[in-house]
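Asks: Chain residues, written in single-letter form:
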Amino acid sequence: MDIPYTINARPDTGLYNGKLGIWLFLASEVMLFGALFTAYLFMRLGADEGMWPEHIQNVAIGFTNTCLLICSSITMVYAWVALKERNLAKYRAFLFATICCGILFLGFKAYEYHDKWMHWGFMVKPSAIEKYRPDLDKMDAFVNWCPTQGTDGAYEIRGHLHEKDDAKGLYTFVPDKNFHPITFGGAPKAEEKGAGNEEETITVSKDDLIRPAGNLLPAYGTYYAIYFTVTGLHALHIIGGLVVMLYFLGPGSFLYKRNPEQLSNRIEVTGIFWHFVDLVWITVFPIIYLT
Amino acid sequence: MSADSTDHSPEAVAGHDLAAEAQHAREHARENNWFFLGFFCLVGLAVISYEFQGTNPWSIAILAVLRCSYIGFFMFMLFRRFNYVFAAFLFTALFFLGMVFLSWWDSTVPGIGDPITNRNDVQVSHPH
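Quick mapping for you: the protein sequence lines, in order, are chains A and B. No gaps in the numbering here: position 123 of the first sequence is 106 in our numbering, and each next residue is one more. Position in the second sequence counted from 1, then plus 2, gives you our numbering.
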């Protein structure tokens, strides 16, 4: 028995089966990501002072990933156009380009996750901070006051771990620098404030911390938990899209010989999903990276 | 269902005007390009605003107006295909005003901006 409306649209809805299915699926996806964005908003509003990190993300990488996904959306549409033109070679080339963009996106994402793994946070006791203050000031290091941490508050210092001596309880790391926005002749630049060598390290003792040091993974704080949840779920969608596209680049493309219009519809539906994933990222990027 | 069983028969597929469909697909792709270019510019402006942020009210104001103008233009472009252009334009104007407010609210201008950070600062939230 033939399944109706796999190629032509049903007259009353104007949609063929696949398209109706993907829009229903995307409606559920909107609810899923909508709930996560709402959770993000409430967590941010409810965060204690100093506990919502700012300027922690690598904006250049986030922006590069945005560009990659936008480019991939464009190549995806052209893959569909190529099928409409009945040009299989062009279709494969554009689909391959889309897959490459997706893989590059995941590569940058993996780099970011690795960076978070190597990035540590240290909550220094207020009574001990003066010991490190001269070096921190010299390096123009970022020091974050967190009044709700511990009994008397704590000063948070973050940086990339250089060396960890468990026996002596010492952590040597390259501290994060203060963020210096580009102003129209306003605030002095980092170098003018006496920032030292980018690789200059500082060593803190475990005894001076209010709690054990930790890398910037979900357990470290609410921001990191929501960051990994949202970007991780988004990355899973990218992986899902890539699997589907790889199928249509390989075995799935043999449908072209039998029924090119049906393949064209399938690629259109895949493209709609891919655009959605792209749009989610365009929302994720400003709210998570540009804070 | 029986009436639909011929839906993707070879005749039905052959009935497609391939040239017209290909032309339509190309137009669709061109529109998509503009759409994604619009999004790209929007994100680009957001990044520029982020990198240029500061406490200088003029720089914030200029960037805020730039972003809002662009968003307004972008929204206008999205709504241009409809007949109720005036309604879309009105919506754009309201959206523009809303975004001007939000951009200032999101800035670090003392007294107006960054209420999320400032709400714990008694001197800012309760100056008297």
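A hint or two may mislead.
Simulated restraints on C-beta separations [what the hints assert, rightly or not]:
(1) A:Leu216 to B:Asn35: 21 to 31 angstroms
(2) A:Leu28 to B:Glu53: 24 to 34 angstroms
(3) A:Val13 to B:Ile50: 20 to 30 angstroms
(4) A:Ala202 to B:Ala22: 52 to 62 angstroms
Think of the hints as simulated: they come from the structure by calculation, not from any bench. Virtual Cβ for every residue (Gly too), placed ideally from N, Cα, C.
Asks: Give a verdict on every hint.
Replies: Verification of the supplied hints:
1. Checking the proposed 21 to 31 angstroms range against Leu216 of chain A and Asn35 of chain B shows it holds: the Cβ atoms sit about 28 angstroms from each other.
2. At roughly 25 angstroms, the beta carbons of Leu28 of chain A and Glu53 of chain B sit within the given window of 24 to 34 angstroms.
3. For the hinted restraint 20 to 30 angstroms between Val13 of chain A and Ile50 of chain B, the CB-CB distance of approximately 29 angstroms keeps it satisfied.
4. Checked against the hint of 52 to 62 angstroms, the C-beta distance between Ala202 of chain A and Ala22 of chain B comes to roughly 58 angstroms, which is consistent with it.
In this structure, every one of the numbered hints holds.
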